[in-house]
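Top to bottom, those sequences are chains E and L. Oh and the first sequence: position 81 is 81 in the UniProt record's numbering, straight run, nothing missing. Oh and the second sequence: position 55 is 55 in the UniProt record's numbering, straight run, nothing missing.
Where hints are given, some of them may not hold.
Which copy is meant is left open, because identical chains are indistinguishable; a pair holds if it fits in one copy or across any two.
[Unchecked claim] Calculated lysine to aspartate or glutamate pairs in the EDC-like style (CA-CA distance at most 20 Å, straight line):
#1 97 x 7
#2 47 x 105
#3 87 x 105
#4 51 x 23
#5 87 x 41
#6 67 x 53
#7 47 x 71
#8 51 x 77
#9 97 x 80
#10 97 x 107
#11 47 x 111
#12 67 x 80
#13 51 x 105
#14 51 x 111
#15 67 x 41
#16 47 x 79
#17 87 x 23
#18 51 x 100
Don't read these hints as lab results, they were simulated from the structure. These figures come from a predicted structure and were not determined experimentally.
2 protein chains.
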Amino acid sequence: MDTSSNEFLRGTLKTIVLKLLAEQPATGEAKSRPGRMYGYEITQAVKERTKGEITLSFGALYPVLHKLEQEGLLITETEEVDGRLRKYYSLTPTGNKAAEQKVSDFERFMEAMRTLLLTPPQLATGH
Amino acid sequence: MDTSSNEFLRGTLKTIVLKLLAEQPATGEAKSRPGRMYGYEITQAVKERTKGEITLSFGALYPVLHKLEQEGLLITETEEVDGRLRKYYSLTPTGNKAAEQKVSDFERFMEAMRTLLLTPPQLATGH
DNA sequence: AATTATATGTAAGATTCCGATATATGCAAC
DNA sequence: GTTGCATATATCGGAATCTTACATATAATT
Chain E
1 MDTSSNEFLR GTLKTIVLKL LAEQPATGEA KSRPGRMYGY EITQAVKERT KGEITLSFGA
61 LYPVLHKLEQ EGLLITETEE VDGRLRKYYS LTPTGNKAAE QKVSDFERFM EAMRTLLLTP
121 PQLATGH
Chain L
1 MDTSSNEFLR GTLKTIVLKL LAEQPATGEA KSRPGRMYGY EITQAVKERT KGEITLSFGA
61 LYPVLHKLEQ EGLLITETEE VDGRLRKYYS LTPTGNKAAE QKVSDFERFM EAMRTLLLTP
121 PQLATGH
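Please take these sequences and the hints and turn them into a complete structure.
Written as structure tokens, this is what we have:
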């Protein structure tokens with residue numbers, strides 16, 4: 001019964017990941033790198049912030065992360081935490097720009113969708 | 001160099017088509033069926049109303065139209081106009097409900113995306 | 001005569017995503 | 001003490017979706 005959501009998710013996954021990383025500004029403390037997140041953390045953050053409306057599957061997330069890394073938008077640091085390996089992802093400068101670009105692209109797209117889906121038909125008369 | 005848009009279009013095509021047909025309420029005149037549109041007309045309408053921001057390709061549109069027809073959401077009427085065959089699509093009652101459902105699903109999705117992409121990271125204590 | 005706009009459609013291929021599966025640790029319950 | 005759950009990363013097969021290019025055809029314009 002996963003309601004809708006996943007259907008529209010197509011094409012927005014990269015944007016979500018990039019934006020999440022972009023808005024993690026050095027959580028203070030001893031962490032030197034800004035915007036570090038690991039895969040599992042990303043899925044949890046998305047689930048929590050959207051109140052379960054959007055859920056990222058691992059089968060979709062990890063390939064995207066790997067691809068973004070290949071494209072030079074992310075860099076990884078593997079650390080051992082509690083005896084387990086954890087892989088942190090953070091944005092490169094290029095990735096940061098890509099994040100901003102993607103978000104603004106998506107805003108434009110949403111605006112266009114609004115004119116399609118939420119415009120009453122009578123406004124279509126342009127004279 | 002296709003400017004963004006198309007990237008996010010994934011998964012929204014059906015919604016767009018259903019909504020366009022749903023909001024065409026018997027354009028008056030002699031037309032008996034409400035919401036009749038043909039494929040080419042749909043692409044033009046989307047292009048015009050989004051000022052070129054969103055462009056549907058025929059290779060994507062026609063398969064979607066055929067599938068929606070198979071699913072019983074659309075019915076077709078083929079007529080000859082100016083010596084050419086033209087295929088009109090209109091919503092069935094089921095298709096009408098599907099249109100409303102899809103649009104409201106998409107609104108929920110957009111709301112979720114807003115909380116992800118447009119939420120200021122003020123929680124991160126900007127000391 | 002050639003091009004553009006109109007009009008519908010198919011086929012090959014790439015991309016993207018989901019679900020299942022595999023592996024492995026820490027912890028709480030029982 | 002082992003079963004199950006949360007944490008954690010990752011791959012694979014398959015399905016769905018979209019793009020590009022192609023095929024066909026008429027009417028109007030140049």
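Requested in this report: Evaluate residue 97 and residue 7 at a C-alpha cut-off of 20 Å and name the case that applies: within, between, both or neither.
Outcome: Classified as between; 18 Å across copies, 27 Å inside a copy.
Query raised in the report: Between copies, within a copy, both or neither: which fits residue 97 and residue 107 at Cα up to 20 Å?
Result: This pair counts as within: shortest intra-copy Cα distance 16 Å, inter-copy 28 Å.
Query raised in the report: For the identical chains here, do residue 51 and residue 105 meet the 20 Å Cα criterion within one copy, between copies, both, or neither?
Result: between (24 Å within a copy, 15 Å between copies)
Query raised in the report: Can you tell me if residue 67 and residue 80 fall within 20 Å by alpha carbon in one copy, between copies, both or neither?
Result: neither (23 Å within a copy, 49 Å between copies)
Query - Alpha-carbon proximity between residue 87 and residue 41, which holds within one copy, between copies, both or neither at 20 Å - result: within (10 Å within a copy, 50 Å between copies)
Query raised in the report: Are the CA atoms of residue 51 and residue 77 at most 20 Å apart within a copy, between copies, both, or neither?
Result: neither (29 Å within a copy, 44 Å between copies)
Query raised in the report: Are the CA atoms of residue 47 and residue 105 at most 20 Å apart within a copy, between copies, both, or neither?
Result: between (23 Å within a copy, 17 Å between copies)
Report task. First find the shortest C-alpha distance between residue 51 and residue 23 inside one copy, then the shortest across copies, and answer within, between, both or neither for a cut-off of 20 Å. Result -> Classified as within: same-chain Cα gap 19 Å, cross-chain 31 Å, threshold 20 Å.
**Report entry** Same-copy or cross-copy closeness of residue 67 to residue 53 [CA-CA at most 20 Å]
**Finding:** Intra 25 Å, inter 27 Å, cutoff 20 Å: neither.
Requested in this report: Go through the copies and call it for residue 51 and residue 100: within, between, both or neither, with a Cα cutoff of 20 Å.
Outcome: This pair counts as neither: shortest intra-copy Cα distance 24 Å, inter-copy 23 Å.
Report task. Using 20 Å as the alpha carbon limit, work out where residue 67 and residue 41 are close: within a copy, between copies, both or neither. Result -> within (18 Å within a copy, 38 Å between copies)
Query raised in the report: Between copies, within a copy, both or neither: which fits residue 47 and residue 79 at Cα up to 20 Å?
Result: neither (24 Å within a copy, 49 Å between copies)
When held up to the earlier numbered hints, the structure conflicts with 3, 6, 7, 8, 9, 12, 16 and 18 and fits the remainder.
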